[in-house]
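Peer 1: Construct all of the structure, not just a fragment, from the sequences and the given hints.
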Amino acid sequence: MHVTLLTRLAKWYMQFDDDEKQKLIEEVHAVVTVRDAKHTNFVEFRNFKIIYRRYAGLYFCICVDVTDNNLAYLEGIHNFVEVLNEYFHNVCELDLVFNFYKVYTVVDEMFLAGEIRETSQTKVLKQLLMLQSLE
Amino acid sequence: MALKIVKGSIDRMFDKNLQDLVRGIRNHKEDEAKYISTCIDEIKQELKQDNIAVKANAVCKLTYLQMLGYDISWAAFNIVEVMSSSKFTYKRIGYLAASQCFHEGTDVIMLTTNQIRKDLSSPNQYDTGVALTGLSCFVTPDLARDLANDIMTLMSHTKPYIRKKAVLIMYKVFLKYPESLRPAFPRLKEKLEDPDPGVQSAAVNVICELARRNPKNYLSLAPLFFKLMTSSTNNWVLIKIIKLFGALTPLEPRLGKKLIEPLTNLIHSRLVITLHRASVEKNVCLIGLVLPIVCVCVCVSNAVLISLSSGMPNHSASIQLCVQKLRILIEDSDQNLKYLGLLAMSKILKTHPKSVQSHKDLILQCLDDKDESIRLRALDLLYGMVSKKNLMEIVKKLMLHVDKAEGTTYRDELLTKIIDICSQSNYQYITNFEWYISILVELTRLEGTRHGHLIASQMLDVAIRVKAIRGFAVAQMAMLLDSGHLLTGNMQRNGICEVLYAAAWICGEFSEHLDDPMQTLEAMLRPKVASLPGHIQAVYVQNAAKLFATVLQKHEGATDSQAAQDTSQLLIERLPLFVQSANLEVQERASCILQLVKYIQKLQQKDVEVAEEVSALFAGELNPVAPKAQKKVPVPEGLDLDAWINEPPSESESEDEKPKAVFAKEEPKQSRARHIEVDEKELARRREARKQEQANNPFYIKSSPSSQKVYQDAPGVEHIPVVQIDLSVPLKVPGMPMSEQYLKLEEERRQKERADKKKKDKKKKKREKRGKGKRDDSGPESEEDITPAHQVDIVTEEMPENALPSDDDDKDPNDPHKALDIDLDKYVPSAENTLHKVTVCMLHAEKQGDLSITRHFLV
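Heads up: the protein sequence lines correspond to chains A and B, in order.
The numbering of the first sequence is UniProt numbering, which starts it at 1 and goes up by one.
The numbering of the second sequence is UniProt numbering, which starts it at 1 and goes up by one.
Do not rely on the hints blindly, as some may be mistaken.
What the hints assert, rightly or not - With a cut-off of at most 16 angstroms between alpha-carbon atoms, the simulated EDC-like pairs for lysine to aspartate or glutamate come out as follows:
#, chain 1, residue 1, chain 2, residue 2
1, A, LYS21, B, ASP334
2, B, LYS370, B, ASP420
3, A, LYS38, B, ASP368
4, A, LYS38, B, GLU372
5, A, LYS38, B, ASP369
6, A, LYS123, B, ASP403
7, B, LYS370, A, ASP36
8, A, LYS38, B, ASP334
9, B, LYS44, B, ASP71
10, A, LYS38, B, ASP371
11, B, LYS404, B, ASP371
12, A, LYS38, B, ASP332
Stated by the list, open to error - Here are the computed distance ranges between Cβ atoms for each label pair:
#, chain 1, residue 1, chain 2, residue 2, range
13, A, PHE45, B, THR230, 34 to 40 angstroms
14, B, PRO195, A, ASP17, 42 to 48 angstroms
15, A, TYR101, B, SER220, 41 to 47 angstroms
16, A, LYS11, B, LEU111, 20 to 26 angstroms
17, B, TYR383, A, LYS11, 38 to 44 angstroms
18, B, ARG145, A, ASP17, 20 to 26 angstroms
The set of hints was computed from the structure by calculation and includes no laboratory data.
Even for Gly, the Cβ is constructed at its ideal location relative to N, Cα and C.
Peer 2: Listed below in structure tokens is the structure:
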């Protein structure tokens, strides 16, 4: 999610209507962008919590249950970003914009059905390269 | 911003089109909507083509548009077409688009079933993979039912890549189609012991999620997980397993005992390593491991405490260990760790407040943190950490914060917290009430708070209950009444002007402590008062009358009749303003009192001593009421509360009423007769009796009896024709303290404390020697047995039969997790049959006519 409320990529693991999704995105944005570096990376939101991390101009947010482990998902975000970095060779925001379908593949490699699927970066990268070779 | 494109030439063409779209949108920032609608038209054209490549390209662009927020459900059929392409790239695009926009309402999903089935059994693992991924996003109950078997077979695929995906997607399938859980479960269990760690962790994940909702079904797996926990080194898996145990231990107490040992080992080993590594690598997730361990330790010790099978010698030691580690977390400079440490501490606080108390200094430090969420957590913790000695300094610190805090929500939060802390358990921790009153007065200086009524109720509470403090309180309140700024301040409901309500009442009720009642009286009757909210004005008027009584008494004692007459004159001049008020209550009271004062003035001019009688108007001590007091009032004999008081309504009303009227006809006549019998003497006697009872009786803080008294005692006022219930039995409400006793008890308690402390130390040593870890004293240092002021009966909410509180999910009533609550131990015989059933159905399609065999199997 960009600072100026441009959603670059959104993956939903629960069913919502389109306008609900839009509303949720706006709310999350309102909550997350007012926090600066001194704040913790976790925010309570409705009856869930948002775990987020800011990388340059982008916020990566994950919305989880209150019982889930905060730091684990924080690390998950970092893992994900590192994989993106490796895959796109020094990723920048435009990479994500123009190759969004590939980003989705990465997401699916690492998270499935709402759970963390694969944490080993080498494995994920190997898979992605294989998939790429098929194209 | 150079984009690196590492693809073949065909793909380059493909990409360009998508890139064109994206670039185009970025270039058309002003007329984006128009540009996009032209693009959509182009896409519609492209979709009509036969060329699958073109279609795929179009769908890809559509996906991008969907991400921007445009609806693409009209293209659902085309997406299915693209999904059915044989080329992997196009297929992937199709599935991606499907996962973005398909939902339960999409009708073309039926068409996909066969396609997905084909893909699932495809030799190409990537096809299978992408199908599984896409499916996970839009699986519907129908799809789940149809494809469950295929996915189950995939769980035993040769490639771990596929196995992993299949296992994870089973969770979604279970949610949508709960009947699949039973047959699939044995396979799932097998996966827990899969050689590939990825598959293993996937299985652990799924089972943990399932068990979280319905833990009792998965208790049988506990030993398996135990083995996993001790043998696995993967942090993520460990986190999940420990969470699972956290859910299981409340149900199985012996599990708790068994877990203590390995968990302690984990904490010791992991934390040492992880903290060291973390300081080097800043790899925070490893520390995140500690948190669930701590939580589980808390759960475990909770479980042990709750269960009757005690005999756990070490759990207090493990709690100590946890608290120690948490301290390390909180001291860390990283905000996240601090937050988590505080969060975990507050969980421990609920059951073991003593172990947390030693870290008070650290918590107080956290209060100064810049991050609001950390401060809020620290505030929560403070609640359990106050004691008599430190209450004052803590509150002082909080007051400093209150001054510094900008923004009203945090300040309000602070305010409520301060008051909560101070008024905990019946003001247990306050040693000096004068100090508390002054704190409350300082709090009134806050602008724009929403909790004025809270402060007001506190003041009232303290002033009523603590007799010794009344003099001081009254002096403070008089000052408040004089202060101009409150009158001009916040006029909204619950604003700070509520405090004036309390101030006026206290001054009036305890006016004997006032130094200069005349001045206070004048302050109360200033014209500016008329701008206050109605209920406050009413109290003002009422208490002005009380003050008047006191003034009269003072002056007549000193035979200074002129001053007394001046007072009456003052009242007569000022009250008409209130008589004209728009508020009903104010008007009523003001006019009553005005009449009274005029009458008194007449008497004064005849030099009659009126002070005594006027004071008698307000005689009687007012005490706090227990909340259930009204219900506990015993109904005296011979009183039927359901009887009609008046004539039942006339016969012209509906027939249903008739039986009632017949039943009750005798009663009203009797009560009527009773009423007529009453004569003047009876009334006087009743009045006396009532007054006496009211000396020890409860009544409502909104002082209405006074107005009743005015009605009855003032001559010439007609009796209100309300049937008075003449209770000759003095009411006694159990468990209600008298204010003097409170202070005495405190003193007694303190002396007892000192004497008992020595005894307690000896006892503790004995206990430890015996080695029985009995319940830790969860309360703070108080050991007295004061009967609680209010007998609070916690009424358990009524619930429909068989409803368990833990099943309460505020999602939708058709919560899928409820449906998954099945006893898995009964699965063994039926599992095979179900599989057979399905295969037989398929066989039946081929073997037409062979009905006898199929019938045999289906049974």
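Peer 1: Against the structure, test the hints numbered earlier, and report the numbers of the ones violated in rising order.
Peer 2: Hints 1, 2 and 6 contradicted; others consistent.
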